[in-house]
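Hey, can you piece these two chains together into the complex? The hints should help.
Sequence lines, in order, name chains A and B. FYI, in the working numbering the residues of the first sequence are 2 to 111. FYI, in the working numbering the residues of the second sequence are 78 to 191.
Calculated from the structure, these hints are not laboratory results. Among the hints, a few may not be true.
Stated by the list, open to error - Pairs of lysine-lysine, DSSO-like flavour, derived with a Cα cap of 30 Å: (1) K52(A) to K98(A); (2) K52(A) to K134(B); (3) K134(B) to K94(B); (4) K71(A) to K94(B); (5) K71(A) to K98(A); (6) K71(A) to K134(B); (7) K71(A) to K52(A); (8) K98(A) to K134(B); (9) K134(B) to K88(B); (10) K134(B) to K92(B).
To be verified - If you anchor each label on the Cβ, the simulated ranges turn out as follows: (11) Y178(B) to P82(A): 23 to 33 Å; (12) N110(A) to L116(B): 15 to 25 Å; (13) N110(A) to Q118(B): 21 to 31 Å; (14) D140(B) to P82(A): 18 to 28 Å; (15) T90(B) to D19(A): 15 to 25 Å; (16) N59(A) to S82(B): 47 to 57 Å; (17) P132(B) to I29(A): 15 to 25 Å; (18) L116(B) to N6(A): 11 to 21 Å; (19) E91(B) to A79(A): 44 to 54 Å.
The C-beta atom is built at its ideal place from N, Cα and C for all residues, glycine as well.
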Amino acid sequence: GQQLNQSPQSMFIQEGEDVSMNCTSSSIFNTWLWYKQDPGEGPVLLIALYKAGELTSNGRLTAQFGITRKDSFLNISASIPSDVGIYFCAGFQGAQKLVFGQGTRLTINP
Amino acid sequence: GAGVSQSPSNKVTEKGKDVELRCDPISGHTALYWYRQSLGQGLEFLIYFQGNSAPDKSGLPSDRFSAERTGGSVSTLTIQRTQQEDSAVYLCASSLSNGNYGYTFGSGTRLTVV
Numbered sequence: 002g003q004q005l006n007q008s009p010q011s012m013f014i015q016e017g018e019d020v021s022m023n024c025t026s027s028s029i030f031n032t033w034l035w036y037k038q039d040p041g042e043g044p045v046l047l048i049a050l051y052k053a054g055e056l057t058s059n060g061r062l063t064a065q066f067g068i069t070r071k072d073s074f075l076n077i078s079a080s081i082p083s084d085v086g087i088y089f090c091a092g093f094q095g096a097q098k099l100v101f102g103q104g105t106r107l108t109i110n111p
Numbered sequence: 078g079a080g081v082s083q084s085p086s087n088k089v090t091e092k093g094k095d096v097e098l099r100c101d102p103i104s105g106h107t108a109l110y111w112y113r114q115s116l117g118q119g120l121e122f123l124i125y126f127q128g129n130s131a132p133d134k135s136g137l138p139s140d141r142f143s144a145e146r147t148g149g150s151v152s153t154l155t156i157q158r159t160q161q162e163d164s165a166v167y168l169c170a171s172s173l174s175n176g177n178y179g180y181t182f183g184s185g186t187r188l189t190v191v
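The following block holds chain B by itself, in its conformation from the complex (with noise of 0.2 Å):
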C-alpha cells in the first residue's frame, strides 16, 4: 500500500484481556518496527523484523508481549492478559532493509486498559 497501515486505530479493553494490534507496512519494506508511545513521552523500541524473524526483540516489556510477521509483510503484536500500565500509542513503521533512509510510520493504535 501506500503507507503503513495500522488497525485498530482505537482499542479499549478490559484489564486481563488479550489484544491483537495489526500493522501492513508499505510493499516492498523488508524491515518493521513496533514501538510504544506512552501519553507525553517519546517513542519506546519495542522489536523489529527483517523479513519474518525478529533479530532484535529486547524491546518487549514483559513475556505477556509478542509479536509476529508473517509473508515478510503483515505484523501482529499480542499483548495477553493487559494490565492498564499497557496503555499507550503503539506505533508500527517499516522500512528499506537497512533502515538508513529513516522509517515510514502508521498513525498507530491508541489502546486504553480499563
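If we strip away everything but chain A, and leave its shape as in the complex, we get (with noise of 0.2 Å):
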C-alpha cells in the first residue's frame, strides 16, 4: 500500500520556537490531512487540503499541499505548551481509507 513518510520523528523545542514537520510519499494523494494526537485521546483534525500548491493557515498552524501532490508540510508558529502532541499526516488511499504516517512526536520545554 502508499507509504506516508514523516519527518523528522521527534522534536524537542523551546516554548515560543517555530516548529516545521513534513510528509512525503511515493504515490500521488489528491486529500493531505493533519492531526493531533494528545496522550489518551483520538486524533483531533487540524488541518485539510484539497489542492495541489494550496496553503491553508489555522490559527498559529500553517500547512500546504506540495505541487506534486506527494508531500506536505505542517508549520506552527510560537509553539506554546499545549502545543505537545503526536502530529499525524493522512490520505486517502481510493476512495475511503485514510493511510497515516508514523507520525512526529512534539515536546516543548518551557
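Next comes the structure, spelled out in C-alpha cells:
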C-alpha cells in the first residue's frame, strides 16, 4: 500500500519557537490531512488540504499541499505548551481508506 | 451523540480469551472505521463500514479478528483467542458518507493482553 513518511520522528523545542514538520509519499494523494493526538485521546483533525499548491492556515498552524501532490508540510508558529503531542499526516488511499504517517512527536521545554 | 464513543476505555484480558470492543459513531455518520495503534506507532487501518456492509476489511490481521455493524450505527470489533501482540489502542472513527472532510475519532480502547 501507499506509505507516508513523516519527519522528523520527534522534536524537542523551547516554548516560543517555530516548528516545521513534513510528510512525503512515493504516490500521489488528492487530499492531505493533518491530525494531532494528545495522550489518551484519539487524533483530532487540524487542517485539510484539497488542491495541489494550496496553503491553509488555522490560527498559528499553516499547512501546504505540495505541487507534486506527493508531499505536505505543517508549520506551527510561536509554540505553546498545549502544542505538545503527536502530529500525523494522512491521505486517502482509494476513495475511502485514510492512511497515516508514523507521526512526529513534539515535546516543548518551558 | 456529540462525539464518537468507545467502550470500554481500558480492557485487560488473559491470553486466549475473546474480547469485544464497542463503537458508537456520531449520529448520521454512515461511514465507520476501525484502526489499531501500537505503542509509539502510527495508525494501522483495520476495516471500514459503509452502512452495515464492509467494503474494505483488508487490514484485519488474522481470522481471529472480526467486526460487525448493525442498524447503520453501533459497531463491535471482536478479537478471538487474544494474543499478547494484540495489545494496542483500538480507535474507532466515523464520517459522513464520503469521508473527504476527515474522520472524527473516539478516544480509543486500550487493550492489554497478559
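Comparing the hints with the structure gives:
1. Taking the CA atoms of K52(A) and K98(A), the gap is near 19 Å; set against the 30 Å cutoff, the hint holds.
2. Taken as a hint, the K52(A) and K134(B) pair is honoured in the structure, with Cα atoms around 29 Å apart against an allowance of 30 Å.
3. Taking the CA atoms of K134(B) and K94(B), the gap is about 23 Å. The hint holds against a cut of 30 Å.
4. For the given pair, K71(A) sits about 43 Å from K94(B) by alpha-carbon distance, which is inconsistent with the 30 Å threshold.
5. Note on K71(A) and K98(A): the hinted pairing holds, with a Cα-Cα distance of about 17 Å set against a maximum of 30 Å.
6. As the CA atoms of K71(A) and K134(B) are separated by approximately 26 Å, the hinted pair is consistent with the 30 Å bound.
7. Between K71(A) and K52(A) the CA atoms are separated by roughly 12 Å; this keeps the pair inside 30 Å, and the hint holds.
8. Of the supplied pair hints, the one linking K98(A) and K134(B) holds, its CA atoms being roughly 10 Å apart against a limit of 30 Å.
9. Of the supplied pair hints, the one linking K134(B) and K88(B) holds, its CA atoms being roughly 24 Å apart against a limit of 30 Å.
10. A distance of roughly 24 Å separates the Cα atoms of K134(B) and K92(B); the hinted pair therefore holds under the 30 Å criterion.
11. A beta carbon spacing of about 29 Å between Y178(B) and P82(A) agrees with the range 23 to 33 Å that was offered as a hint.
12. About 24 Å separates the C-beta atoms of N110(A) and L116(B), a value consistent with the hinted range of 15 to 25 Å.
13. Remark: the range hint 21 to 31 Å for N110(A) to Q118(B) is upheld by a beta-carbon distance near 25 Å.
14. Between D140(B) and P82(A) the beta carbons are some 45 Å apart, a value that contradicts the proposed interval 18 to 28 Å.
15. A beta carbon spacing of about 44 Å between T90(B) and D19(A) contradicts the range 15 to 25 Å that was offered as a hint.
16. Evaluation of the 47 to 57 Å hint for N59(A) and S82(B) yields a failure: the beta carbon distance comes to about 26 Å.
17. At about 22 Å, the beta-carbon gap between P132(B) and I29(A) stays in the expected band of 15 to 25 Å.
18. Between L116(B) and N6(A) the beta carbon distance is about 20 Å. The supplied range of 11 to 21 Å therefore holds.
19. The hinted range of 44 to 54 Å is satisfied by E91(B) and A79(A), whose Cβ atoms lie roughly 49 Å apart.
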